[in-house]
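This is what each chain is made of:
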Amino acid sequence: MRTRWRASTAGLILSVVACAGKSAAERIAEHDRVRVAWEETARFVGAEWIGGAIPDAYATRTLDRANEELRADSEKLQKDDMPDEARARLGEALEATRARVDTLRLAVGASDRASVARLVRDSPRANADSLLRQVALR
Amino acid sequence: MDIALVRDLLDKQLVDREGEPLGRVDGIVMSYSADAPPRITHLELGAQTLARRLPNPFRSILAWLGRRLSPRASEPYRIEAERIIQLGRVIKIDIDGARSAARETERWVRDHIISRIPGS
Amino acid sequence: MAAQSIHLELLLDREVRDASGRRAGRIEEIRARKDGDEIIVESYHLGPEALLERLAAPVFRLSPFRALGLHKHAHGRRAQWDQMDLSNPERPVLRCSVDELVKLVR
Amino acid sequence: MKKLLEITLGIVTSIGGFLEVGSLATSAQAGAAFGFQLIWAIVLGTVCLIFLVEMSGRLAAVSKQTLAGAMRDRFGYPFFLVPLVAMSLLALLVMASELGGVCLSLQLVTGISFPWWAPVGAFAAWLLLWKGTFSVVEKGASLFGLVTIVFVIAAFRLHPDWTRAAHAALPSMPRHEAMRYWFFAVSILGASIAPYLLYFYSAGAVEDKWNETDVPVNRITATLGMSFGGVLAVAVLIVAALVFVPRGIRIERFDQIALMLTPIMGRWGFYLFAAALGIACFGAMLEIALSVAYLVAQGFGWKWSEDARPRDAARFSLVYTATLVGGALIVMMGVDPLAITLMSMALTGAFLPIAIVPFLILMNDSRFVGQHTNGWISNTVVCAIVGLAFVLAVVSIPLEVMGS
Numbered sequence: 000m001r002t003r004w005r006a007s008t009a010g011l012i013l014s015v016v017a018c019a020g021k022s023a024a025e026r027i028a029e030h031d032r033v034r035v036a037w038e039e040t041a042r043f044v045g046a047e048w049i050g051g052a053i054p055d056a057y058a059t060r061t062l063d064r065a066n067e068e069l070r071a072d073s074e075k076l077q078k079d080d081m082p083d084e085a086r087a088r089l090g091e092a093l094e095a096t097r098a099r100v101d102t103l104r105l106a107v108g109a110s111d112r113a114s115v116a117r118l119v120r121d122s123p124r125a126n127a128d129s130l131l132r133q134v135a136l137r
Numbered sequence: 000m001d002i003a004l005v006r007d008l009l010d011k012q013l014v015d016r017e018g019e020p021l022g023r024v025d026g027i028v029m030s031y032s033a034d035a036p037p038r039i040t041h042l043e044l045g046a047q048t049l050a051r052r053l054p055n056p057f058r059s060i061l062a063w064l065g066r067r068l069s070p071r072a073s074e075p076y077r078i079e080a081e082r083i084i085q086l087g088r089v090i091k092i093d094i095d096g097a098r099s100a101a102r103e104t105e106r107w108v109r110d111h112i113i114s115r116i117p118g119s
Numbered sequence: 000m001a002a003q004s005i006h007l008e009l010l011l012d013r014e015v016r017d018a019s020g021r022r023a024g025r026i027e028e029i030r031a032r033k034d035g036d037e038i039i040v041e042s043y044h045l046g047p048e049a050l051l052e053r054l055a056a057p058v059f060r061l062s063p064f065r066a067l068g069l070h071k072h073a074h075g076r077r078a079q080w081d082q083m084d085l086s087n088p089e090r091p092v093l094r095c096s097v098d099e100l101v102k103l104v105r
Numbered sequence: 000m001k002k003l004l005e006i007t008l009g010i011v012t013s014i015g016g017f018l019e020v021g022s023l024a025t026s027a028q029a030g031a032a033f034g035f036q037l038i039w040a041i042v043l044g045t046v047c048l049i050f051l052v053e054m055s056g057r058l059a060a061v062s063k064q065t066l067a068g069a070m071r072d073r074f075g076y077p078f079f080l081v082p083l084v085a086m087s088l089l090a091l092l093v094m095a096s097e098l099g100g101v102c103l104s105l106q107l108v109t110g111i112s113f114p115w116w117a118p119v120g121a122f123a124a125w126l127l128l129w130k131g132t133f134s135v136v137e138k139g140a141s142l143f144g145l146v147t148i149v150f151v152i153a154a155f156r157l158h159p160d161w162t163r164a165a166h167a168a169l170p171s172m173p174r175h176e177a178m179r180y181w182f183f184a185v186s187i188l189g190a191s192i193a194p195y196l197l198y199f200y201s202a203g204a205v206e207d208k209w210n211e212t213d214v215p216v217n218r219i220t221a222t223l224g225m226s227f228g229g230v231l232a233v234a235v236l237i238v239a240a241l242v243f244v245p246r247g248i249r250i251e252r253f254d255q256i257a258l259m260l261t262p263i264m265g266r267w268g269f270y271l272f273a274a275a276l277g278i279a280c281f282g283a284m285l286e287i288a289l290s291v292a293y294l295v296a297q298g299f300g301w302k303w304s305e306d307a308r309p310r311d312a313a314r315f316s317l318v319y320t321a322t323l324v325g326g327a328l329i330v331m332m333g334v335d336p337l338a339i340t341l342m343s344m345a346l347t348g349a350f351l352p353i354a355i356v357p358f359l360i361l362m363n364d365s366r367f368v369g370q371h372t373n374g375w376i377s378n379t380v381v382c383a384i385v386g387l388a389f390v391l392a393v394v395s396i397p398l399e400v401m402g403s
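Residue numbers (numbering that gives the first Met the number 0), protein chains in the order written: chain B, 0 to 137; chain Y, 0 to 119; chain Z, 0 to 105; chain U, 0 to 403.
Worth flagging that the hints you see were computed from the coordinates, not collected in a lab.
All residues carry an ideal CB built from backbone N, CA and C; glycine is no exception.
Careful: at least some of the hints might be erroneous.
[What the hints assert, rightly or not] Restraint ranges, calculated between C-beta atoms of paired labels, are given here:
#, chain 1, residue 1, chain 2, residue 2, range
1, B, ALA23, U, LEU126, 48 to 58 Å
2, Y, SER114, B, GLN77, 57 to 67 Å
3, Y, GLY118, U, ILE219, 51 to 61 Å
4, U, THR212, B, GLN133, 46 to 56 Å
5, B, ARG112, U, VAL84, 54 to 64 Å
6, Z, ARG32, U, ARG218, 23 to 33 Å
7, B, ALA23, U, ASP335, 22 to 32 Å
8, Y, TRP107, U, ILE219, 40 to 50 Å
9, U, TRP267, B, ALA113, 46 to 56 Å
10, Z, LEU103, Y, SER114, 28 to 38 Å
11, U, ILE219, B, ASP121, 53 to 63 Å
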């Protein structure tokens with residue numbers, strides 16, 4: 000009797016946790032948040048590196064980290080269940096961001112300040128105001 | 000003087016004549032006979048005494064471990080109840096702590112591990 | 000009868016029944032008298048069944064809990080040394096019935 | 000003069016214990032993700048910590064017993080093992096995250112990757128405990144700990160909207176990512192109400208030979224010391240909010256947090272962040288190692304004293320050495336420090352009842368604290384906050400683990 004009782008409660012707990020997991024829309028938003036977070040981190044590193052505020056070792060290591068995280072997230076993207084159209088769009092965006100981070104990483108590695116400045120200026124900037132409103136800081 | 004054995008004696012800190020810690024009262028041995036009031040004969044310290052107080056699954060494992068690791072150290076150490084000088088926040092025992100077997104493990108750790116490390 | 004040595008810490012929380020099998024409580028405290036070098040046991044204090052009450056007794060005497068009346072039924076009973084048969088420490092038995100024990104209200 | 004020394008015990012306990020890798024990481028992440036909204040969790044944690052630290056000091060002053068010793072004395076042996084085992088395992092995990100913090104600060108400064116620094120950081124902490132005395136730990140940590148004031152300076156230089164920050168001191172419901180919000184709330188509570196702080200503080204009070212006359216000073220020490228830590232954590236949250244939110248950066252890894260001060264102080268900001276992180280975490284490592292040693296030694300009745308030479312308190316010294324080695328091994332496995340930190344803080348939240356409930360029973364037992372037993376205010380405040388932390392942990396940990 001005891002084992003049957005334990006099996007049913009385990010089933011109950013798992014189902015509660017599973018359905019409370021994230022809906023497809025949330026997963027898409029999550030992937031987008033991760034992409035923006037690392038794109039902006041890369042921009043921030045580039046800007047501070049040009050300003051001479053951070054050492055080269057830190058800048059290259061953090062850009063490598065950004066690259067790894069974006070690759071890991073796109074792998075996770077393939078496993079998440081969501082409409083294919085959204086998966087393709089997100090996949091492209093992640094890939095584009097990763098490419099930009101990679102070029103920035105190479106420019107910093109080569110201490111090529113001019114192209115770093117250009118890359119930082121040109122990459123699409125997150126909308127600061129909307130973000131501040133989202134967390135009631137504006 | 001009236002004593003509540005669990006509240007005032009069991010698990011209390013034991014110190015020797017100089018006030019150096021000896022351990023805690025892990026066990027109390029009582030001599031029981033049907034026709035006379037029971038008398039407290041010894042206080043007991045040691046890993047084996049502690050292991051015996053655990054619910055069963057742990058008791059056998061720890062007792063086995065104690066025997067394997069250091070049979071001599073885990074031998075319970077008994078102090079005659081007559082040696083109790085003073086009861087209170089700590090219990091003072093008429094013993095020279097440095098040489099008493101209660102500090103067996105402490106001496107073992109000191110001689111075999113700590114004193115081998117420079118600057119100890 | 001030869002004296003038998005018992006480990007007092009193993010008596011703790013042991014359930015005590017009287018000769019007819021009625022429950023008298025669990026051994027919570029043992030009172031003794033120290034005269035000179037001798038420590039002589041005088042009585043056994045049997046606490047309530049619930050372990051939590053014994054541990055959290057001081058908290059239950061606090062005003063918020065007192066209002067709930069938790070402290071009221073956390074009473075105990077006292078068995079004199081000659082009322083307790085410890086020949087088998089695993090199963091302490093009273094030598095009298097539960098009602099003959101002194102009731103204690105904390 | 001002695002009273003002044005006691006106040007330093009409060010300040011050092013709060014620096015070593017309050018602002019460490021846990022509160023730094025959770026405050027920074029919470030600020031970057033939810034702006035000022037989670038300031039209430041820091042305030043709540045600080046209030047609860049003030050009560051708990053005051054109590055552990057009062058217990059030590061009145062009963063001349065430390066928290067661990069009193070727990071063994073009052074609850075007896077088998078029950079004492081539950082908090083002992085729980086707190087020691089938790090302390091090992093928190094020790095690893097603190098050592099991770101020290102290694103990261105060294106990595107920031109030198110560029111050499113962090114697992115290599117683990118043996119160096121652990122050895123330095125061990126050497127200080129091996130050769131130093133309690134007052135060396137106490138004075139050193141509080142002196143160097145003052146560098147953490149850099150976060151307060153940075154917060155002021157960012158001219159935050161103080162009224163909005165004050166509003167955030169009142170609890171509010173999340174507007175987005177509810178599970179992550181509650182996970183951060185419990186991690187912040189777990190980071191601020193660190194049980195090892197209580198063992199360290201009470202042992203410090205006994206080692207400094209406090210007595211009943213010190214009870215009033217103890218109240219000031221606890222309030223001043225812990226509020227000092229609370230202010231630092233709020234400052235970290237504010238700076239993170241104002242630096243990362245407008246840049247759309249959500250913190251996933253420690254590396255990102257290091258950028259926190261650079262926009263305000265340039266290269267100085269980068270190195271000051273590394274120094275503040277390293278020193279705060281190093282102070283916490285010393286406190287955790289000592290706390291575990293106090294907990295075990297006092298629980299089993301061994302000789303315990305940081306002032307004595309290691310050979311005179313052999314098993315006590317062996318325990319803090321083992322704790323440091325254990326922490327180093329976990330870090331050397333290269334586990335992500337932010338992951339260890341967040342999980343150990345959330346687990347602390349879940350373990351709080353095991354650490355705090357026995358403590359509450361002691362503080363209401365006149366046999367230990369004489370007539371200085373708890374007023375109903377401190378009892379209710381602590382019960383409410385510990386209950387909240389436990390509920391939040393039980394709700395948010397499984398979902399966060401499933402989520403991430």
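Next on the checklist: I'd like to know which numbered hints this structure contradicts. Please list them from smallest to largest.
Outcome noted: 3, 6, 9 and 10
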